[in-house]
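Chemist: Going down the list, the protein sequences come from chains E and B.
Per this note's numbering, residue 1 is the first one in the first sequence, and the count goes up by one each step.
Per this note's numbering, residue 1001 is the first one in the second sequence, and the count goes up by one each step.
Heads up, some of the hints might be wrong.
Now the in silico label distances, taken between C-beta atoms and shown as ranges [stated by the list, open to error]:
#1 E:Ala78 to B:Glu1068: 50 to 60 Å
#2 B:Glu1011 to E:Ser33: 35 to 45 Å
#3 E:Glu365 to B:Pro1043: 52 to 62 Å
#4 E:Ala31 to B:Glu1068: 46 to 56 Å
#5 B:Phe1034 to E:Thr234: 18 to 28 Å
#6 E:Thr57 to B:Gly1058: 52 to 62 Å
If you're looking for bench data, these hints aren't it; they were derived computationally from the structure.
C-beta atoms are modelled at their ideal positions from N, C-alpha and C, and glycine is treated no differently.
Read off the chains here:
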Amino acid sequence: MNVTIYVPADSGAVAVGADRVAAAIEVEARARSLEITLVRTGSRGLYWLEPMVEVATPGGRVAYGPVRARDVASLFDANFLSGAAHALALGDPEEIPFLKRQTRLTFARCGIVDPLSIADYRAHGGFRGLERALAMEPEAIVEEVTQSGLRGRGGAGFPTGIKWKTVAGATADRKYIVCNADEGDSGTFADRMIMEGDPFVLIEGMAIAGIATGASKGYIYLRSEYPHAIATMTRAIEIARQNNVLGPSVLMSDHAFDIEVRAGAGAYVCGEETSLLNSLEGKRGIVRAKPPLPALEGLFGKPTVVNNVISLASVPVILDRGAAFYRDFGMGRSRGTIPIQIAGNVRHGGLFEAAFGLTLGEIVEEIAGGTASGRPVKAVQVGGPLGAYFPTSLFDTPFDYEAFAARDGLIGHAGIVVFDDTADMLAQARFAFEFCAIESCGKCTPCRIGSTRGVEVLDRLKAGVEPDTQVTLMADLCNTMKFGSLCALGGFTPYPVMSALTHFPEDFQPRPIREAAE
Amino acid sequence: MDETISTRTRELISAHRGLEGPLLPILHAVQSEFGHVPQDVLPVIAEELNLSRAEVHGVASFYHDFREAPAGRHVVKVCRAEACQSMNGEGMAEQLLALLGVDWHETSADGRVTVEPVYCLGLCACAPAAMVDGRVVGRLDAAAVREIAEEVSR
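With the rest of the complex left out, here is chain E (with noise of 0.2 Å):
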């Protein structure tokens, strides 16, 4: 009998040896004279628990995991192709406490499907949200998206609806969609996923915003340290066109769409949207004062949408399920699902996809389990490397945009990263302005200047020179950083370095009294 085995081909597997337990599986079986088929599938996202391994079994899959190399034999020796038990037996990997409390709406398929086979994606639901797309007019589709209540998921939660809607509205001979796949935020990870586990979801997302602004081409801008996504991601793409889902005709239709990739090349500064818009011409990824809107001068100087990998990536499901399902989950003026990246030290990491409104500390404390370390949490970055750490006395701020502004964060595009109780926050501070001045397009001096004063100003403070000034002068910069910057990167860098001023003001004290203390 032939069994199914599925193995990660995602890169975060990869990267903790899914390839050599691949190579194992098939060597294994080969030897036993076993008839297998192995299939190479995205992440369900269990990092902890990667390379995890599944079996088709008659009674459903059956997981196993963390799978070494060294433990294939094992497994064949326990019988796993029939889903026997074995000390790294899982049981249903969809009974797992972390993947069962999820809402997977973006990512429903990711992990489960072999990424390059439409009929793969068409037997799990995909296209039926363009398929219906198809049928409605271009006015419709955006209302449909608008009324869903989405969000920018890169981290401005700008609405999506009200973005397709003024391009929709402009009259130019061409527009553009333009994917912003330039997932640069440490603790991210959910592009990455959505590329390397369910290409078909994206390509479907841009399909049909293309359909209701009237856009024929979209571009990728896809990261250069994502050599595994752009590989799938482009694959994906010419498999679409052989099956007439890109093309002159986009489902037989009269639409025409077609989509291209194009690497980044290491500059943080392109995922803001208008530097990203000059890189794909050619240029310097210097950021553009806005207006004029991208919305309405962009690419190239056309009307262009700009979203994020995981927006469009959920657009799908909204058209399939309709604007009503989606917006149902979710609190205040946060609807829907958010793809959580639970990242750092800590003992469960990995994508946990759920309604908005999930507080910090039931992501942190329940759901990943506290640290790796087993040490005591100290602060938790949320957002990325502007976002702001925040301290478990925070830990009851839900996971809502609005929620976390009053309490001078951002959920950004939703990477949390975890530190245990030996974080320096003077060190991080420090780093948040470092990174910075390493990124800054130079385009305006706050953002180009102001990140080094700030790296020399907490130098100082570290060796004790005037620290009252020091910390005035910097709370100062950080004012004129935050207010003068024309973009995110030199407006929000004061986020991470204010909140852990605010958070974790005994880190900042002069080393004496530091040392005292301790």
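Based on these hints, arrange chain B on the given structure of chain E.
Modeler: Same frame as chain E, but now just chain B:
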């Protein structure tokens, strides 16, 4: 300039000329062909795309990816961003640099290896992470660091 470099560059340019905004794809192609972006090719690109040499230099020098000089035979990129910091990525990086006898951005004297910082590989739930000649490595510990050092020193 070496005629073959110039000829090959013109071929790469014509392969990408039909793209909208072809400069970045061309620079990537040049780097993938020669291992770096030789300064000599910038005037060729400028001429072919009808840009000024200053513009092409400005773009090539803006992006961290494009190197002016060849790297070592192996390139190790070690993540220095927050998620890896929280799992002692800096400690692992220091061990690697010490074993290889180089500092950040440096190439070892024997030309075998270049070590570069990278700010996030998206492997944040398997931190600390690195990339060795394009191969991703997660959950770095002292043993994994020694393995990488041995591999790239061979």
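Chemist: Each hint needs a verdict: does it hold in this structure or not?
Modeler: Verification of the supplied hints:
1. E:Ala78 to B:Glu1068: 50 to 60 Å: Hint holds: Cβ distance 55 Å, inside 50 to 60 Å.
2. B:Glu1011 to E:Ser33: 35 to 45 Å: 50 Å, violated
3. E:Glu365 to B:Pro1043: 52 to 62 Å: The hint (52 to 62 Å, Cβ to Cβ) holds, given that glutamate 365 of chain E and proline 1043 of chain B are roughly 59 Å apart.
4. E:Ala31 to B:Glu1068: 46 to 56 Å: Roughly 50 Å apart at Cβ, these two residues keep to the hinted range, so it holds.
5. B:Phe1034 to E:Thr234: 18 to 28 Å: Check passed, 22 Å falls within 18 to 28 Å.
6. E:Thr57 to B:Gly1058: 52 to 62 Å: For glycine 1058 of chain B against threonine 57 of chain E, whose Cβ atoms are near 59 Å apart, the range 52 to 62 Å holds.
Checked against the numbered hints given earlier, the structure breaks only hint 2 and satisfies all the rest.
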